[in-house]
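*Asks:* Work out the full structure, taking the sequences as your base and the hints as a guide.
2 protein chains.
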Amino acid sequence: MTHQPDQSSLRRTDHAVDSVFVSRWSPRSFVPQDMPEEDLLTIFEAARWAPSAYNVQPWRFVYARRSDAHFQKFIDLLMPFNRTWAHTASALVFIVSDTIMPGSGDRPDQPSAYHTLDTGSAWGSAALQATMLGYHTHGMAVTETEMIREVLNVPDRFKIEMAFAVGKLGDPNALADGLRDREKPSPRRPLSETAWNGSFKG
Amino acid sequence: MTHQPDQSSLRRTDHAVDSVFVSRWSPRSFVPQDMPEEDLLTIFEAARWAPSAYNVQPWRFVYARRSDAHFQKFIDLLMPFNRTWAHTASALVFIVSDTIMPGSGDRPDQPSAYHTLDTGSAWGSAALQATMLGYHTHGMAVTETEMIREVLNVPDRFKIEMAFAVGKLGDPNALADGLRDREKPSPRRPLSETAWNGSFKG
Chain R
1 MTHQPDQSSL RRTDHAVDSV FVSRWSPRSF VPQDMPEEDL LTIFEAARWA
51 PSAYNVQPWR FVYARRSDAH FQKFIDLLMP FNRTWAHTAS ALVFIVSDTI
101 MPGSGDRPDQ PSAYHTLDTG SAWGSAALQA TMLGYHTHGM AVTETEMIRE
151 VLNVPDRFKI EMAFAVGKLG DPNALADGLR DREKPSPRRP LSETAWNGSF
201 KG
Chain B
203 MTHQPDQSSL RRTDHAVDSV FVSRWSPRSF VPQDMPEEDL LTIFEAARWA
253 PSAYNVQPWR FVYARRSDAH FQKFIDLLMP FNRTWAHTAS ALVFIVSDTI
303 MPGSGDRPDQ PSAYHTLDTG SAWGSAALQA TMLGYHTHGM AVTETEMIRE
353 VLNVPDRFKI EMAFAVGKLG DPNALADGLR DREKPSPRRP LSETAWNGSF
403 KG
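Line by line, the protein sequences give chains R and B.
Position 157 (the first sequence) corresponds to 157 in my numbering; numbering is contiguous.
Every number in my numbering is 202 more than the matching position in the second sequence, counting from 1.
Do not take every clue at face value.
Unchecked claim - Taking lysine-lysine and the BS3-like style, the derived pairs with C-alpha atoms no more than 27 Å apart in a straight line are:
| id | chain 1 | residue 1 | chain 2 | residue 2 |
| --- | --- | --- | --- | --- |
| 1 | B | LYS275 | B | LYS361 |
| 2 | R | LYS159 | B | LYS361 |
| 3 | B | LYS275 | R | LYS201 |
| 4 | B | LYS403 | R | LYS73 |
| 5 | B | LYS361 | R | LYS201 |
| 6 | R | LYS168 | R | LYS184 |
| 7 | R | LYS168 | R | LYS73 |
| 8 | B | LYS275 | B | LYS370 |
| 9 | R | LYS73 | R | LYS159 |
| 10 | B | LYS403 | R | LYS159 |
| 11 | B | LYS386 | B | LYS370 |
In case anyone wonders, no lab produced these hints; they're calculated from the structure.
*Replies:* Quick look at the structure:
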């Protein structure tokens, strides 16, 4: 990958973590080409096996590949800023989650307390599987949730959680001024500010 | 791993997903032994590199290893049902998330819309890194959140999200009746009910 920035100075790890976690980062420049549907389904397959409370699997994915008729519609559902770069992605995905935990046997339907958390773990698995396949992903906030719901036919009981772009890493020089300089892996705060023995110490 | 159940019949995949996603499952019987702190920190290091909105990294981990003075205190904060099996874990972890997105430059602090979702992706990375190290994890719901907050000194602005147990896979025969038969990897619904092209089709 010619354009892969040097990560050594930005992403120093303190422990012998698997490289997939550190290799995953969120670019904005993608090679504007299609991707095989099989690769996208493999990414969703990783998400499929994520853990969830009572194994209810609250996550759902709605996708468009750049070669299909839905792609422009998906672009139009993004926040204006994200539209400026996400149009180069090979696929765009909206993630929604079931706010109701379906009943089973004698147990009735009930509100889910973990649908967003569990959907986050599914999204993380998708991003990691994409990395393993040589792709990059970029998660996006969603603001026009009612428009997304209407255009994508998402039932009321499902929450519009987020979107993400996926594709092969593109040339940073293809980005607009202001984005080009930000096209690199982000750092993290030290683990000593994140994980503590015995009690919260932030 | 002598007690690893045969997964082939339970976890058939439709796409060539990496084996780590399918190998990860949530047992209740762990070998009741300590684990090196370095392994636990490596698990948190994987979580450290998870994606988050504006890279605010809202997740925090508070942990106890079974060899340290905090372990029994952590057991006591679990739901009664989970106490019946989680006491064999090598470590217990509570995950909390920052509900406030810290300001930066001219931007003031503001409520975070993605703290739970992003914390879910960090938890997923932790679970996968644990799998890569030969451990198993089991996520747990939390109900006594005010007690957890008090005992672990968690500030009000942080949400108590979940807990998890980590350890090496134990003997299912060590489990109580009723749990023994459930000690196997759970299935998933087909991907065709989870991911759709163009619009929601559930």
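*Asks:* Indicate, hint by hint, whether the structure satisfies it.
*Replies:* Hints and how they fare:
Distance check on the hinted pair: B/LYS275 and B/LYS361 sit about 19 Å apart at the alpha-carbon level, within 27 Å; holds. For the proposed pair R/LYS159 and B/LYS361, the alpha carbon gap of about 19 Å is at most 27 Å, so the pair holds. Distance check on the hinted pair: B/LYS275 and R/LYS201 sit about 17 Å apart at the alpha-carbon level, within 27 Å; holds. The suggested pairing of B/LYS403 with R/LYS73 holds, with an alpha-carbon distance near 17 Å, which does not exceed 27 Å.
Distance check on the hinted pair: B/LYS361 and R/LYS201 sit about 15 Å apart at the alpha-carbon level, within 27 Å; holds. About 15 Å separates the Cα atoms of R/LYS168 and R/LYS184, which keeps this hinted pair within 27 Å; it holds. For the given pair, R/LYS168 sits about 21 Å from R/LYS73 by alpha-carbon distance, which is consistent with the 27 Å threshold. Among the hinted pairs, B/LYS275 with B/LYS370 is consistent with the structure: their alpha-carbon atoms are about 21 Å apart, no more than 27 Å.
Among the hinted pairs, R/LYS73 with R/LYS159 is consistent with the structure: their alpha-carbon atoms are about 19 Å apart, no more than 27 Å. A threshold of 27 Å between alpha carbons decides the hint, and for B/LYS403 with R/LYS159 the separation of about 15 Å falls inside it, so the pair holds. Restraint check for B/LYS386 and B/LYS370: the C-alpha separation of about 15 Å stays at or below 27 Å, so the hint holds.
When held up to the earlier numbered hints, the structure conflicts with none and fits them all.
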